[in-house]
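K.L.:
Each protein sequence line maps, in turn, to chains Y and F. Note that the first sequence ends on residue 320 in this note's numbering; no numbers are left out. Note that the second sequence ends on residue 320 in this note's numbering; no numbers are left out.
One or more hints might be untrue.
Just the calculated beta-carbon pair ranges, DEER-fashion [to be verified]:
1) F:GLU9 / Y:ALA289: 45 to 55 Å
2) F:VAL31 / Y:GLY17: 51 to 61 Å
3) Y:ALA289 / F:ARG204: 33 to 43 Å
4) Y:SER286 / F:GLU292: 44 to 54 Å
5) F:VAL31 / Y:ARG263: 52 to 62 Å
6) F:PRO59 / Y:GLY17: 44 to 54 Å
7) F:VAL31 / Y:GLY299: 21 to 31 Å
8) Y:GLY255 / F:PRO59: 50 to 60 Å
9) F:MET213 / Y:GLY282: 28 to 38 Å
10) Y:ARG279 / F:ARG220: 33 to 43 Å
11) F:ASP34 / Y:ASP78: 58 to 68 Å
12) F:GLN283 / Y:SER286: 22 to 32 Å
13) Y:SER286 / F:GLU8: 31 to 41 Å
Here's a subset of chain F near chain Y, in silico, CB distances under 10 Å, partners left out [said to hold, decoys possible]:
14) ARG46
15) ARG263
16) TYR305
FYI, nobody ran anything at the bench for these hints, they're computed from the structure. Bear in mind the structure is a predicted one, so any value in this text is a computation, not a measurement. Positions of the beta carbon are idealized from the N, C-alpha and C atoms, including for glycine.
2 protein chains.
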Amino acid sequence: MSGPADVEELISRADRGDRRALARLITMVEVAGDSARRVTTALHPRSGGAAIVGLTGAPGAGKSTLTDQLVGALRANDERVGVLAIDPTSPFTGGAILGDRVRMQDRATDDSVFIRSMASRGHLGGLALATPHAARVLDAIGYPWVLVETVGVGQAEVEIAGHADTTVVVLNPGWGDGIQAAKAGLMEIADVFIVNKADRPGVRETVRDVEGMLDLAGERPWRPPVVETIASDGVGIDAALAAIRDHRRHLVATGLLDVRRRRRTADEIRSIVVDTVGRRAGQRCSGPAFDELVAAVAGRTSDPYRAADHLLGDDLASAP
Amino acid sequence: MSGPADVEELISRADRGDRRALARLITMVEVAGDSARRVTTALHPRSGGAAIVGLTGAPGAGKSTLTDQLVGALRANDERVGVLAIDPTSPFTGGAILGDRVRMQDRATDDSVFIRSMASRGHLGGLALATPHAARVLDAIGYPWVLVETVGVGQAEVEIAGHADTTVVVLNPGWGDGIQAAKAGLMEIADVFIVNKADRPGVRETVRDVEGMLDLAGERPWRPPVVETIASDGVGIDAALAAIRDHRRHLVATGLLDVRRRRRTADEIRSIVVDTVGRRAGQRCSGPAFDELVAAVAGRTSDPYRAADHLLGDDLASAP
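Take the sequences, apply the hints, and build the full model.
P.N.:
See the structure below:
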């Protein structure tokens with residue numbers, strides 16, 4: 001395990017452009033615990049400047065290609081960008097593979113682009129917690145843009161994408177795609193809609209469906225724009241990026257950016273508190289005293305809840 | 001929410017054979033919290049007599065039919081039996097349906113059989129915790145047999161089935177099914193193997209595969225028997241039940257039953273402790289004091305871990 005000195009050393013190396021040091025810092029915050037704490041404590045004061053953009057949508061909608069093109073457009077403007085590709089593998093199915101990572105690797109020779117795949121290790125809550133930590137590292141090391149791309153539209157992925165400053169929902173032409181998006185809870189979290197593969201039939205209907213649902217939602221300070229792209233040909237990318245920048249200006253001008261960040265901060269603190277007490281409580285459940293309690297419960301002279309009370313003690317058992 | 005008086009009333013009604021009262025008690029322990037505590041505290045002293053049998057295997061292996069036949073065999077011997085059908089629905093796929101429940105409903109008119117489907121509400125840890133609680137209720141109300149049937153062989157389901165006194169692994173004939181079972185971690189938890197649909201080709205090879213793997217495991221006090229059944233025709237059911245009874249005698253004679261139950265008790269206490277402190281810690285994360293901490297972190301005068309320390313206080317933050 002790395003000591004505090006190592007963390008400072010890694011940060012100063014990452015500041016000088018050492019990508020391996022940066023990768024190492026992200027690894028340290030991915031695993032909750034002491035290392036995450038040291039890195040976060042050191043980097044949090046320097047963070048807060050980056051625009052966090054979440055991209056979500058059904059598998060095959062073209063999110064990777066779109067992300068790649070957005071990276072290209074930002075680089076054309078000489079802006080540095082970090083990409084977090086989220087793959088919340090289900091422990092039941094064996095999970096998806098980030099197939100389009102290969103193309104993204106072309107960017108790997110560009111020192112101003114940092115791409116990181118974050119795979120779940122069977123615990124989705126952990127990944128939801130790890131993503132903002134990783135985004136903070138990129139932010140603090142000087143990436144003014146962090147794109148968070150999720151593989152599908154599962155519950156955890158929608159949650160992760162919805163925790164961004166700006167959430168982009170990617171749809172495809174075709175009857176019902178707009179309705180599917182609504183069902184998946186995407187209408188509530190979308191700040192920008194992108195209808196990708198706009199050279200395919202049905203694009204007009206999909207745009208109309210989405211606009212219709214936005215009409216139903218009524219008057220709001222920000223109405224999500226609907227942008228058509230053909231990401232594979234680079235068509236519409238500038239318009240998509242312009243929509244994202246527009247939304248950011250709106251967030252800043254209205255103070256909504258602070259509101260969103262506070263909500264994210266609250267969730268993060270809550271996660272750390274629950275995770276910390278959970279791990280510490282687990283540590284109490286071993287040793288001879290624990291074995292005695294187990295024997296008493298198994299022998300029916302106690303019950304599981306009374307044993308738990310004993311382990312919790314007055315300190316843990318008392319209400320706040 | 002039900003008070004202590006209600007719990008006593010429900011228990012006495014369940015004791016008199018009121019199935020709705022029994023169902024209600026199980027619902028109360030499914031949801032962790034005060035109700036679960038009251039029911040468990042009241043029923044734990046009366047529990048410990050039942051044989052808990054877990055049945056697991058790939059979807060389509062015929063576990064439901066087999067469970068139904070085992071219920072029939074136990075009823076033929078005038079023994080009461082409870083069935084917990086576990087359906088850990090993945091939040092990603094929308095989940096499987098317990099299709100064979102319909103047939104089992106034929107048993108619903110038999111007062112000595114109690115069948116309960118337990119579906120995950122998106123939280124597998126919760127289901128793993130709820131299953132032993134529900135089994136305890138059936139045990140205490142006077143069901144000497146509790147069959148715990150899982151839908152598939154996911155990680156959580158293997159864990160649930162492996163927490164039984166006797167774990168039955170159901171395979172089908174066909175090349176590789178034995179190897180798949182080994183891969184899924186079933187060799188380690190199996191006390192009895194059942195090769196169901198034994199009228200299909202490949203049954204000899206599957207039995208040989210399993211026996212071969214058992215040979216490799218070397219000399220052990222209990223070698224899991226491999227029983228062939230055709231559950232849909234009732235063939236081999238008596239042999240399967242005899243193998244389960246043999247294993248139970250072995251558990252009692254060797255003292256292994258106590259070892260297994262202590263392990264299960266330890267896991268249960270640990271779950272209650274971790275769940276309790278997690279919920280209590282979550283409750284601390286609201287209100288004006290919490291909002292102030294969030295503002296400080298968002299304003300960069302604090303960081304998420306320092307804010308978490310503050311919420312945890314000395315009591316929660318200190319090591320045991």
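K.L.:
Each hint should be assessed against the structure and marked as holding or not.
P.N.:
Taking the hints in turn, this is what the structure says about them:
1. A hinted range of 45 to 55 Å is violated for the C-beta pair GLU9 (chain F) and ALA289 (chain Y), which are about 36 Å apart.
2. Between VAL31 (chain F) and GLY17 (chain Y), the C-beta spacing of about 53 Å keeps the proposed range 51 to 61 Å intact.
3. Between ALA289 (chain Y) and ARG204 (chain F), the C-beta spacing of about 53 Å breaks the proposed range 33 to 43 Å.
4. Distance hint check: the CB atoms of SER286 (chain Y) and GLU292 (chain F) are about 37 Å apart, inconsistent with the given range 44 to 54 Å.
5. A beta carbon spacing of about 27 Å between VAL31 (chain F) and ARG263 (chain Y) contradicts the range 52 to 62 Å that was offered as a hint.
6. Between PRO59 (chain F) and GLY17 (chain Y) the beta carbon distance is about 51 Å. The supplied range of 44 to 54 Å therefore holds.
7. Taken as a hint, the range 21 to 31 Å holds for the pair VAL31 (chain F) and GLY299 (chain Y), whose Cβ atoms sit roughly 28 Å apart.
8. In this structure the supplied range 50 to 60 Å holds for GLY255 (chain Y) paired with PRO59 (chain F), their Cβ-Cβ distance being about 52 Å.
9. Our hint of 28 to 38 Å for MET213 (chain F) and GLY282 (chain Y) holds, since their Cβ atoms are close to 34 Å apart.
10. A hinted range of 33 to 43 Å holds for the C-beta pair ARG279 (chain Y) and ARG220 (chain F), which are about 35 Å apart.
11. The hinted window of 58 to 68 Å between ASP34 (chain F) and ASP78 (chain Y) holds, with their beta carbons roughly 59 Å apart.
12. One distance hint, 22 to 32 Å for the beta-carbon pair GLN283 (chain F) and SER286 (chain Y), holds here, with the actual separation near 26 Å.
13. Taken as a hint, the range 31 to 41 Å holds for the pair SER286 (chain Y) and GLU8 (chain F), whose Cβ atoms sit roughly 35 Å apart.
14. Because the closest C-beta pair between ARG46 (chain F) and chain Y is about 9 Å apart, less than 10 Å, the hint holds.
15. Given hint, ARG263 (chain F) at the interface with chain Y, holds; its Cβ is 9 Å from that chain's nearest Cβ, closer than 10 Å.
16. For the restraint placing TYR305 (chain F) at the interface with chain Y, the shortest Cβ-Cβ distance is roughly 5 Å, inside the 10 Å limit, so the hint holds.
In terms of the numbered hints stated before, the structure departs from hints 1, 3, 4, 5, listed from lowest to highest.
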